[in-house]
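Here is how the chains run, residue by residue.
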Amino acid sequence: MSGCEGPQSVFRTGGSDAAQLEHLFLVMLAGAVVLWLGINGLFYYASRVSARPVSRARVEALILGGGVGLPVVVLTALLVYGLSIMPDQRAPGDGLRLRVTGEQFWWRVEYWPEGAEAPVVSANEVRLPVGRRTEIELAATDVIHSFWLPALGGKTDLIPGRVNRMSLEPTEVGTWRGQCAEFCGLSHALMAFQAITLEEAEFGAWLAREAQGLAPEARTAEGYAIFTAQGCGGCHALRGTEARGTVGPDLTHVGGRATLAAGILPMTADALTDWIRDPAAFKPGVEMPGYDHMDPDELATLALWLEGLR
Amino acid sequence: MTARRHSAGGEQEFAEERASLVRITFGPLIWAMHFLLSYAGAAVFCAKFPHASEHLDLLVWGIGLATLVALAGIAWQGQRSFHQWRKGNEDSLIEEDADGSSEDRHQFLGHAALLLAVISAVGVIYTALPAFLTATCR
Ligand SMILES: [Cu+2]
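Protein chains in written order, with numbering that gives the first Met the number 0: chain L, 0 to 309; chain Y, 0 to 137.
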């Protein structure tokens, strides 16, 4: 059953919501198995074991009982059970709020701690404190996407023009994988993300770091000069600097993410180099231009500098 | 309308049959109205009071009341259909005679109306269940 393991499995849960859904699935599965056995057992009985005419009264009782009564009872029981877990799945968060916006083909992520007036902006990765219920607002600007993080909870669409809500309560520290689950264009299948669940204290420390702008020493480095000269800041933000673009992901702490380009490349200087040279080679239809005209040494310096932005 | 060929036939019988044809739509119609009322009611209510938990009882009991009224209507319709179907057809639980007489057609319409009433009642209950089991605007 190794196919059921891994960071993106509904059978390897790390949160209470996903555990509930797994339970729902198992109940449904058990019910389906019982029904299948019952119906095929009856078929077998009626055609092989006791194949003889039956009285009209019995036939009518069978049709009314098995064809009307039983389905109504079974479906009602399943509906009541299914509906009864909905309030849990929709429970409000207990403090931290995230806003995730789907973009072609990446995720804009904002952290709104309780009482915050401005968000901590990040991208392509979701970090959540264990033992807390975090509310997640889901929006989109271009087309419909879907936020699916099977290890932690159900699937919810991100729809332009409206805000959908879900909440997640991780119960286990770990690194999980999520995936856009609604076809959104050429690179839909390459629109993934990492979810990292942390102990509350650790999460707090990370969020405080993430909230800071670009480190002063990063600003004086050569990489920053290259970044500015190439005009990357027109699309990307480095908080606390002139780079304020919002077309692409916030790069202030890009090196601190576990993956590059929404879950498809490792966060290494080599991968960054390849990505910047030709993003479309990894993600067809991507909105970032390629920089294959750059001097290879400059490109390597830029990549190494980005990788160091933790 | 071949009904006229039969002895009892004529305009009056045709009118009666038309009435029972219309009547078979009552169950589903009540279901549709209840559905519309519940969903539109919940949508309007949640748009007006998105964070309401104190007013929510109002919505839930409103839907509950609409459900009772709808079920009563369907039950009334159902028992009328039951009699229409069973009159002169006491021997079978699930079939009417199939000689093609106008009496048989009359019974058939009663049978169809009864089955539609049953499915409508189930539909009404299923429509109302979320209001009681989830009871949230989220
Ligand atoms: Cu997408």
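Where hints are given, some of them may not hold.
As the list claims (entries may be wrong) - For the chain Y half of the interface with chain L, some residues (derived, Cβ under 10 Å), not all of them: (1) 28; (2) 114; (3) 117; (4) 124; (5) 128; (6) 131; (7) 133; (8) 135.
Stated by the list, open to error - Simulated restraints, written as ranges between beta carbons of each label pair: (9) Y:54 <-> L:55: 51 to 61 Å; (10) Y:71 <-> L:8: 41 to 51 Å; (11) L:71 <-> Y:47: 54 to 64 Å; (12) Y:134 <-> L:93: 36 to 46 Å; (13) Y:61 <-> L:115: 36 to 46 Å; (14) Y:50 <-> L:265: 39 to 49 Å; (15) Y:61 <-> L:239: 28 to 38 Å; (16) Y:50 <-> L:5: 30 to 40 Å.
Note that these hints are calculated values from the structure, not bench results. Backbone N, C-alpha and C fix where the C-beta goes; we use that ideal spot for every residue, glycine too.
Here is how each hint holds up against the structure:
no. : hint                       : verdict
1   : 28                         : violated, 21 Å
2   : 114                        : holds, 9 Å
3   : 117                        : holds, 7 Å
4   : 124                        : holds, 8 Å
5   : 128                        : holds, 6 Å
6   : 131                        : holds, 8 Å
7   : 133                        : holds, 4 Å
8   : 135                        : holds, 6 Å
9   : Y:54 <-> L:55: 51 to 61 Å  : holds, 55 Å
10  : Y:71 <-> L:8: 41 to 51 Å   : holds, 49 Å
11  : L:71 <-> Y:47: 54 to 64 Å  : violated, 35 Å
12  : Y:134 <-> L:93: 36 to 46 Å : violated, 20 Å
13  : Y:61 <-> L:115: 36 to 46 Å : holds, 38 Å
14  : Y:50 <-> L:265: 39 to 49 Å : holds, 43 Å
15  : Y:61 <-> L:239: 28 to 38 Å : violated, 53 Å
16  : Y:50 <-> L:5: 30 to 40 Å   : holds, 39 Å
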